[in-house]
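K.L.:
Chain by chain, the residues:
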Amino acid sequence: MKKLITLSIILLAVLAGAYYLSSYLAPRAELNALGEFYLRNSYFGEHSAGSPEVVTAILWDYRGLDTYFETAVLFMAIISAVSIFRNIPSVSFHPRGFTNITKTGVKIVGLITFVAAATTAFHGHITPGGGFQGGSMLAVVPLLVIVGFSKKALEKAGLNKERALVIRTIGLLTIALAAFYPLLAGGRFMQNLSIYPKELYGMLVSGSLSLFNMAEFLAVGAGFTIIFLLLSNPEGGSEA
Amino acid sequence: MTFALALIVSSIAAIIIISLYGIAVRPNLVKKIICLGIFSDIINVAVILLGYRAVKNPLPPVLTDYSQKGVEELVRGAVDPLPQALTITAIVIGLAITVLMAYGAIHIQRKYGTVDVRKLVRWEE
Amino acid sequence: MFELAAVFLLCAVALSYLIVTETDLLKAVAYSGVFGGLILLTLYVLMAPDVILAYVAISVGLSTGLMVFVVSKTTRHEVV
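Chains as they are written, first to last, in the numbering used here: chain A, 1 to 240; chain B, 1 to 125; chain C, 1 to 80.
No lab work stands behind these hints: they were computed from the structure. Backbone N, C-alpha and C define an ideal beta-carbon position, used for all residues, glycine too. Hints should not be assumed to be uniformly reliable.
Below, computed lysine-lysine pairings styled on DSS-like, alpha-carbon distance capped at 30 Å [claimed, not checked]:
1) C:Lys27 - A:Lys3
2) A:Lys198 - A:Lys152
3) A:Lys198 - A:Lys156
4) B:Lys119 - A:Lys2
5) B:Lys69 - C:Lys27
6) B:Lys56 - C:Lys27
7) A:Lys161 - A:Lys198
8) B:Lys111 - C:Lys27
9) B:Lys56 - B:Lys119
10) A:Lys161 - A:Lys107
11) A:Lys103 - A:Lys161
12) B:Lys69 - A:Lys198
13) A:Lys3 - B:Lys32
14) B:Lys56 - A:Lys3
15) A:Lys156 - C:Lys27
16) A:Lys2 - C:Lys27
17) A:Lys103 - C:Lys27
18) A:Lys2 - B:Lys32
19) B:Lys111 - A:Lys152
20) B:Lys56 - B:Lys69
21) A:Lys156 - A:Lys103
22) B:Lys56 - B:Lys111
23) B:Lys119 - A:Lys161
24) C:Lys27 - A:Lys107
25) B:Lys32 - A:Lys161
Stretch-level coverage of chain C by chain B, calculated; a stretch enters the list once three of its residues show a Cβ under 8 Å from a Cβ in chain B [what the hints assert, rightly or not]:
26) 28 to 39
27) 43 to 57
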């Protein structure tokens with residue numbers, strides 16, 4: 001009851017604050033000059049990124065250096081999480097898991113999630129989506145398998161911590177090589193068009209954008225998989 | 001429209017204050033991590049709200065008609081794409097940082113047997 | 001359409017108060033999943049499809065699953 005009174009006081013305060021603010025705020029209808037530049041140039045124009053998806057174009061081309069170092073932050077966070085767990089031995093533990101109905105459901109939903117994640121990442125330069133989005137959707141699949149079956153089932157299928165680390169390293173190395181390659185070809189760091197082709201065999205690949213998306217898909221998905229493999233280790237919990 | 005915008009802004013302010021209260025006052029480390037997650041979520045919404053445009057029928061910043069006419073339509077109605085591009089990396093990196101903090105909490109539990117900050121301060125006695 | 005975002009965020013204020021005052025941490029994690037859903041609807045009204053695709057996996061799936069694991073490895077009830 002005391003909770004309800006406090007909650008209604010908070011909501012009333014929010015409404016009163018909105019009534020007070022409404023005479024000062026005005027919604028904005030015009031666009032920034034910078035935003036208009038990105039919208040006009042992302043597919044046509046002379047500073048083109050070759051992609052109809054403006055957000056992905058900003059992410060990996062116009063502000064590509066930001067994203068490159070954000071990927072480095074992701075690398076450091078996961079490496080430090082792995083190093084906290086370095087001396088904890090893995091215990092063999094066989095939980096029974098759920099019933100067959102749940103397991104079949106997990107199989108179907110996991111397959112659909114994997115396909116959706118791959119589609120989101122590989123079409124990231126044409127439709128909304130990209131490497132970060134697809135990778136975080138991909139990491140849902142091992143979480144589903146761990147909850148529905150067990151950690152042992154995932155490792156028996158061939159996805160243990162070392163393999164996930166290898167997949168992640170492949171993704172990060174691809175990003176680094178694709179970012180440094182234009183320097184060798186006589187361009188600038190992370191340059192996109194005129195080094196990489198805009199179309200390949202009649203398909204729109206938007207230069208290096210699709211390559212970056214695929215590599216980031218692997219790096220983010222495998223990185224979060226390592227985290228759930230380490231967390232689902234039954235050792236180290238309290239008895240409560 | 002103006003009142004809706006004012007209501008959104010004051011709701012964002014209220015959620016920021018409530019989550020900061022949770023981070024500062026609640027004693028459990030796991031509760032602090034959950035409140036920090038709420039805080040980063042609402043900050044991302046505030047950043048995206050900065051890029052919103054109050055035009056009739058706003059569009060997402062994706063080119064669907066590959067011609068100059070499509071570009072003009074995009075410039076008329078699309079929202080600002082820059083805050084969205086900055087927010088995507090912030091969300092994913094935010095999860096990675098949350099993971100690091102969660103592992104720290106698990107490690108504290110393993111070493112000291114508690115995640116209550118009031119007990120952790122007096123632990124050496 | 002834009003007015004809907006205000007309604008969603010007003011519900012989010014109530015949910016954030018519930019999350020902060022809840023002493024059962026597992027319930028608080030479940031509330032934060034619902035909170036993520038409300039933020040998702042707000043982002044849809046604000047025309048951000050890219051952010052939604054990243055957010056739907058992280059907020060509703062990964063973050064909630066991570067916190068459930070953490071609660072199971074520490075203590076479930078918060079002593080105020």
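K.L.:
If you test the structure against every hint from before, which numbers come out violated?
P.N.:
2, 3, 5, 6, 7, 9, 14, 15, 22 and 23
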